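Sequences are here, hints too, so could you generate the full structure?
So the protein sequences, as listed, match chains A and B.
Add 108 to a position in the first sequence, counting from 1, and you land on the number used in the working numbering.
Add 2 to a position in the second sequence, counting from 1, and you land on the number used in the working numbering.
Don't take every hint at face value.
[As the list claims (entries may be wrong)] 16 Å max Cα-Cα, derived EDC-like pairs, lysine to aspartate or glutamate:
| # | chain 1 | residue 1 | chain 2 | residue 2 |
| --- | --- | --- | --- | --- |
| 1 | B | Lys-317 | A | Glu-187 |
| 2 | B | Lys-9 | A | Asp-210 |
| 3 | B | Lys-255 | B | Glu-64 |
Everything labelled a hint here was simulated from the structure, so no lab data went into it.
Small disclaimer: the values here were computed from a predicted structure and weren't measured.
The primary structure of each chain is shown beneath.
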Amino acid sequence: MNDAAILAVSSMTKGFGEGEAKAMVLKGIDLEIGVGEMAALLGPSGSGKSTLLSILGTLMRASSGEHTMLGTDLMTASEAQRTAFRSQYLGFVFQFHHLLPDLSALENVMMPAAAAAGRETQAMRARALELLDAVGLTDRCNYRPSAMSGGQRQRVAVARALINNPVLVLADEPTGNLDRQSADQVMDLISSINRTTGTSFLISTHDEHVADQCARRIELLDGRIVCS
Amino acid sequence: MSPYAVKLAVRHLLAHPGQTALLMAGVALGVAVFIFMSALIGGLATLLTQRTVGSIPHIVLEMADRDPAVLAMPGTAQVVLQKDLSRREQISIWQPAIPIIEKTSSVTAVSPQIRGSAFVERGQAVAPVGVIGVMPGKLSAIADIEGAIIDGTSSLPADGILIGSRLARDLGLRVGQVVRLSSDRGRARRFRIGGIFTLGIASADRQAVYMNFTAARALFDLPSGISRIEIKVRPATAAPGIADRLRNATGLKATAWTEDNSQLFEGLDAQARTGTIIKAFSLITIIVGIASAMLLSIVRRQAEIGIMRAMGASKRLVISIFVLEGTLIGFVGAIVGAAAAWAALLPLPPVTEVRSGGLPIDRAQGDFLLAITLTTLAAMLASILPARNAARIDPVEAIGQ
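As structure tokens, this is what we get:
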């Protein structure tokens, strides 16, 4: 593993089903993500992008291979350890914002930190306001998701992904549900955060325009990395 | 239970007021049924017990039966000494027992009595009666004769008697008339009817005749002893235990009212069991209702739960949120139901004042606290399984929907 790499997987496979019906979605992935890296994960539908992101995000376990991050062996870690690790070091942005509808924008941003700590604190509130300011939504901090546009919701989701100061943010089609203008705003925001904070981003996308804004392209085809 | 779980649970309930109110109304209805049944079954038991034991002694002390003695005789002869049936059974030395009885806890009234059978004669009309000779001030110790007087007064001079209304009707007797009483001891005297009572118990209203203690001594030829000591206790259901204590303390035969009313007890037991089953069904309905609502809520909120889990929320936090939501629905619904039941039962008269055809509901036996506690616990239990299901939701699947 490269010294500058925060995440490394090697010979990783993932299959679903049993016996002859078993379908291998990932067929031996070798990948490293470095500190401050911004990489696009490309590939056609069914190539295994979402599965790879789920495994890297500790939401799913690989069938075999090695998976380490920041020196922690995530293949052998318990479910509770993986949950704690996820909360501490990883951030997520999804195609659909998945904000909690009963909470305001500010409370949604605080959610990952509050869920881990079991309470909301003033420090969390200050950090969440800072992030909402960074994504240009200070004036919307008390709005519920239902009162915001799609682009605004996705920017709140980006702010939420950053509340715990993650080392790596995994974004699955973060602009897939947005119009071009909103998509550009979100990508500009992600690039800016990547540059200013050094947070690494791995962005799964079909959109070449999005991929062009990333320093690295990782192409996945039929469960294998064909270009990295 | 973390403060954040409380916040999310409360926030969700408040964010959906219609759904929350509907669930709480369902719980409230179940609790109201629970309380209503408790108050009705309890009130009915109180009423039946009161009507049954209100005018009868709860414990009767009499001379203990003595088994015929078998005298051992040498050889084959056996001599049995039989009870002397020519003499009236009486408690000869009764005065020392009275203070012992009066000091016994739960005893509320003690009435030494002289009892015997007699015939009331008025012209050609004759009727058998049971005479009760009571001490001064003890007339209403067992049955409220003074309160039951419908004509005349309750005073009992040496030549006065009180008779039941049915006897008066059967023999055409009125207050002030003189009748002749012939006792089973062959003595007869004339008495003036001082008052007529109606207890509402057919046998008493037709056959009971109350008279002065001293007059009864003379009529039944009992110069010093008494026939029995009648006792009232509170609560009436404590009578069997107190009877045992008095039996040991006095050496007299003690009979509790329950020995002669076992059918009433069986009836009350059956009634209580029916009430318990109805109350259990109320609780089961609450459990099923809350569990169903929580399961539906979880299906609807799968993505939310998934995203929380993906963002690092522990299973424990997810379980806490849903259990808390269910518990809050149960608790608040129970409080509302109890308050509604209390308000609905408020205008109903107390059991003691229930008229014929009315519902004998005793609000004090409504088991309000029990209903609230059991419902809250039931709601909590009903939420556990759905909450565990929620915690098991796979974030990847949930978010992918």
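Against the structure, the hints:
1. For the given pair, Lys-317 (chain B) sits about 10 Å from Glu-187 (chain A) by alpha-carbon distance, which is consistent with the 16 Å threshold.
2. For a cut-off of 16 Å, the pair hint linking Lys-9 (chain B) to Asp-210 (chain A) stands: about 11 Å separates their Cα positions.
3. The straight-line distance between the Cα atoms of Lys-255 (chain B) and Glu-64 (chain B) is roughly 5 Å, inside the 16 Å bound, and the hint therefore holds.
In summary, the structure agrees with every hint in the numbered list given earlier.
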